[in-house]
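Protein chains in written order, with this note's numbering: chain A, 1 to 337; chain B, 1 to 337; chain C, 1 to 337; chain D, 1 to 337.
To be clear, the hints were calculated from the coordinates, so they are not data collected in a lab. From the three backbone atoms N, C-alpha and C, an ideal C-beta is built for every residue, glycine too. Worth double-checking, as some hints may not be accurate.
Below, a sample of chain B positions facing chain D; criterion: calculated Cβ distance under 10 Å [as the list claims (entries may be wrong)]:
#1 T241
#2 R259
#3 E260
#4 H263
#5 M283
#6 A321
#7 L325
Protein chains: 4
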Amino acid sequence: MLILLKSGASAVQIEAISARAKELSLIPQPVRSGSLELLSLTGATAAVDPAAFASMPGVARVMNLSAPFRLASREFRREDTTVDVAGVRIGPGTFTVMAGPCSIESPAQAADAANAVKAAGAPVLRGGLYKPRTSPYSFQGLGAEGFALMDTLRAQTGLRFVTEAIDEQSLEQVEAHADMIQIGARNMQNFSLLRRAGRSKLPVLLKRGMSATLEEWLNAADYVLSGGNPNVVLCERGIRTFNTHARNTLDLGVIPAARELTHLPILVDPSHGTGRATHVPAMACAALAAGADGLLVEVHPDPGHALSDGDQSLTPERFNALMKLLRQLAPAFGRAL
Amino acid sequence: MLILLKSGASAVQIEAISARAKELSLIPQPVRSGSLELLSLTGATAAVDPAAFASMPGVARVMNLSAPFRLASREFRREDTTVDVAGVRIGPGTFTVMAGPCSIESPAQAADAANAVKAAGAPVLRGGLYKPRTSPYSFQGLGAEGFALMDTLRAQTGLRFVTEAIDEQSLEQVEAHADMIQIGARNMQNFSLLRRAGRSKLPVLLKRGMSATLEEWLNAADYVLSGGNPNVVLCERGIRTFNTHARNTLDLGVIPAARELTHLPILVDPSHGTGRATHVPAMACAALAAGADGLLVEVHPDPGHALSDGDQSLTPERFNALMKLLRQLAPAFGRAL
Amino acid sequence: MLILLKSGASAVQIEAISARAKELSLIPQPVRSGSLELLSLTGATAAVDPAAFASMPGVARVMNLSAPFRLASREFRREDTTVDVAGVRIGPGTFTVMAGPCSIESPAQAADAANAVKAAGAPVLRGGLYKPRTSPYSFQGLGAEGFALMDTLRAQTGLRFVTEAIDEQSLEQVEAHADMIQIGARNMQNFSLLRRAGRSKLPVLLKRGMSATLEEWLNAADYVLSGGNPNVVLCERGIRTFNTHARNTLDLGVIPAARELTHLPILVDPSHGTGRATHVPAMACAALAAGADGLLVEVHPDPGHALSDGDQSLTPERFNALMKLLRQLAPAFGRAL
Amino acid sequence: MLILLKSGASAVQIEAISARAKELSLIPQPVRSGSLELLSLTGATAAVDPAAFASMPGVARVMNLSAPFRLASREFRREDTTVDVAGVRIGPGTFTVMAGPCSIESPAQAADAANAVKAAGAPVLRGGLYKPRTSPYSFQGLGAEGFALMDTLRAQTGLRFVTEAIDEQSLEQVEAHADMIQIGARNMQNFSLLRRAGRSKLPVLLKRGMSATLEEWLNAADYVLSGGNPNVVLCERGIRTFNTHARNTLDLGVIPAARELTHLPILVDPSHGTGRATHVPAMACAALAAGADGLLVEVHPDPGHALSDGDQSLTPERFNALMKLLRQLAPAFGRAL
């Protein structure tokens, strides 16, 4: 940590800053850069909040030289991590597509979706049973009763199943019935939920919060990782901006940026990232080209009748066509579907 | 709900949209505006997701004419609501200041803060026991052991106490020991937590999410209100933008906008809204002038030693000076501290 | 245009709104949607500012049913436009790469860059002579004296040349020496400059403003088109968001969205869109996959010595490798380099 | 300037960075902070683009320790600047209200507006003759023919007149007829226009760009100041965010932040900052409370008939009431209207 001192900082002020650093078990050392005076603080800086110094008299700016996340960082682990979802690999060399409806709505809809996903060759079925909805008056998901349905479909199709947990109770159900726990964008900083996921044996799909920086996202991953669960897959799903042409602004540029900082795999959700089914194929291909490890994509047997997010769901036909295109493109990017 | 049809929409497409509307118990009626064709859908539109129509062939745009939130709306209740926090009123005619440290850190720090808050004349003490922190390696709050400390301080000072709940378990503790439940910005769309707060007898302080629209915020309030808890106070605390001059961008313009849509009281948190103690007094006065019903403001007996957010905490002296200034200004805005 | 009336709007208020509409040569007609009352206004609505009604008593909301831009719209021209830059085509079936240094700095640097661009097979050389720089103390470009240099290089290499105009005077020089006029992001709403470009015979490369919506961008295109210049090429270069991992947030999702609304070609600038040379190849491929018609990419013979934007410039070697990869990928997207 | 080296940076890489620094007339010196290695670069760093180093091998991060703007900074001038607009002072101790219609539309409208502004006690009339409009089909202002009208009104009322220049030609007309040159938000980085304004004898009102950081805004001021014109007044008018409740997000928090960095006066435009006349009085008072030096506010004798921005214009009655309120409040903030 480096502290840039104000030009007129007094000796008493500098002494107070140094004393504060020592209290926090840091070692302060004066540094000069031309006419500017700085203090270098070394030791266990990651546990120290820069705010501890920012308001002290004589301080112009506090610069954190090391990122606060550890276990998610390339410094902790240099090689790319491959996460195993009940035998399905997510990581380098593969391009893993997880597909299915936004919400599981009925036995018939779920079966049609699962069959469409399997027929198109995607190995993982997605589908929400607990839906975080903006309005309390919208459909909130089938809840617990949907798990039996999914058990049957998993057994019949051999597909793996990923679904969202929204609190401790639903997370326990997901653990008992699914192959991967999804943490949604709205819960990316629900730290109680992250800690609970960190104690799970199942891999975790961690969606990016809609206004989360890359650093905050990797800090959220560290909540799970530091709980003892090494299997975290990131998922970019669009951020909130001033744009009105799409539901969210899909930030594909975060992929090469994340690759530099973290060893964790990254998926892209072009369905939430655009909000428009007709824009999904273009952005799915762009995600592959930008270096993603796979997709989370919404497929519904009858999007016009979906109880949620129908406007961003692909039909089975369009999904099948997309899978063919991705299979053709993947080798150029060193990947196989 | 109005559906604008594409210029070349076919009779078959229009028929399909009408059929879908009827399935959802809505009544479709054709409407013309010059050369443009629309369908008006009436009935219980609030429970219907516009996405049900947005992706159907022939649809150009779906316009929701009524806001999805109900109980928070001026249409549900025309007069301003006053919320009672164990005898302290928040609403028209008053300007209620809730102050205290970001985190409760120790008996001495808490006592000094409480005494400073009381001495300056603020009726409610704020202080975090469960802290949602971006990094898992930062101080996470005293947790459960802090409640006994707060019980003592409440008894000694007569101050009311508001503190944050981050999950069901902590909410139960807050209910048992505090006078008001704070739902933090990161949990504004933690719908399980909102539903649980809706079943509480305590009033709820609902902070705005850092990328939440006003409509989403009022929907979140409806989660609490529809659970049976009518006592919700909103709190603007800054939104996330491209700005770098402040920790968040305090959106005071949301106050007059919210006044038109909702009857609920609104506080402002200038501490998180700026992140800089030296900017807090200006924005606290601006909040009063913009029409806020009060403040949530950070005060720490020794900001340089705070375990969190020290750079945005006022000293007792500066807080006292701010309270004097607010007391002087309030009557011009029809309020009293 | 549709006006949603407030629930208690009086007959007098509605009459006033109708009268105002008639003054503006619009035809008002009452429309009902269930319990809601609306007024449909038809006629030449594109020339009418919705603000004319928004503040009138009794008005709840004004909805513009038709987009304000005309000549850029698919309704004006259904088929994709191909723009010709001195024989180089930009549009469907091709993928046109424009490359070169951020700034033209010296005869040697310009020659090295031009040779590298030509050797890699890109047909258009980019290079700034007038540089809009955030600080007045930064290098501002060679200005007028650079044009002679570019004349020589164009003659020697056969490359087309695109460079930025920042005011009327520089636009006249660009017209005299280059093959295409670039309008930079900061000038996307410099309407005097757009009008002047609309009177030019040269095609125009119109970069998106850093906080421009798609609709505003197409309105800017209409300024050029309505001046009589039909040759406008759009260029996405990243928008401003809260992100810190990149200089700008490259909004590739705008490509499929723009395709629906406009017939104009769209390029992508992954250099400004990321600000990091190491991220450029991934985003260049993603742009192709998302449906772009080409790239604007920075190449510098010695990025470490660039007078501007060195950190986002590719070396000739990396650019050559990128061109090979794009040439290999393009056919899968129905394009050829 | 400080360069943080990558952990594995080689001696050859560090040597290359040092050599590059020396070429740019900077003095490199190694600095250590615990296990981290840095290079301190001193000398005329303000003229050096950090990008010159950011892409070099071995560089992890480049930190600029000094702000790039000079003449606008508190370091250049410690005391607050007062700008004189033909005898009307803008700066400490005063609260200067500039009011009038968005556009000058006709002799009658201009006269009514001017009389209303004068009657309410505001000393400066605002009114656009050249209007930067998003669509080329919207009313673009009266242009040159309006100046004669304004000459008459100035003579009759004694009001000072501020109006916008959008290019060199209109700036010359503004110089000849008005008392202050307005540079609009869309032209905040029109550097040719800023340089031209820097050569003017008239004071300049520099509106903040809709996605400009505070630092970029002060750099824009430096373009004017470094041209020899010391009379720059800043004007905050709202930034672009994800918000939908207002036309722009008025960033009042920028006022205390700017006060620390610059000596220039700052006005606030609550009309553009909200886009809704009913929200203007609250935000006007909030601007005063936040420390602004005055307002730029839209007043129209008949907002329902305004040719532009009618929905955000106050009627003469509401403006008069606002002026009375401000006059009453100002002394508490050490100001007088």
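Quick rundown of the hints versus the structure:
The closest approach between the C-beta of T241 (chain B) and any C-beta of chain D is roughly 5 Å, which is under the 10 Å cut-off, so the hint is satisfied. Of the supplied interface hints, the one on R259 (chain B) holds, with its beta-carbon coming within about 8 Å of a beta-carbon of chain D, less than 10 Å. For E260 (chain B), the interface hint holds, since its Cβ comes within 10 Å of a Cβ in chain D; the closest pair sits about 7 Å apart. Look at H263 (chain B): its Cβ only gets to about 16 Å from chain D, farther than 10 Å, so that hint breaks.
Interface hint at M283 (chain B): satisfied, since its Cβ lies 6 Å from the closest Cβ of chain D, which is below the 10 Å cut-off. Because the beta carbon of A321 (chain B) sits about 14 Å from the nearest beta carbon in chain D, more than 10 Å, this interface hint is broken. Nearest Cβ of chain D to the Cβ of L325 (chain B): about 8 Å, under the 10 Å cut. The hint holds.
Of the hints listed earlier, those the structure fails to meet are numbers 4, 6, in rising order.
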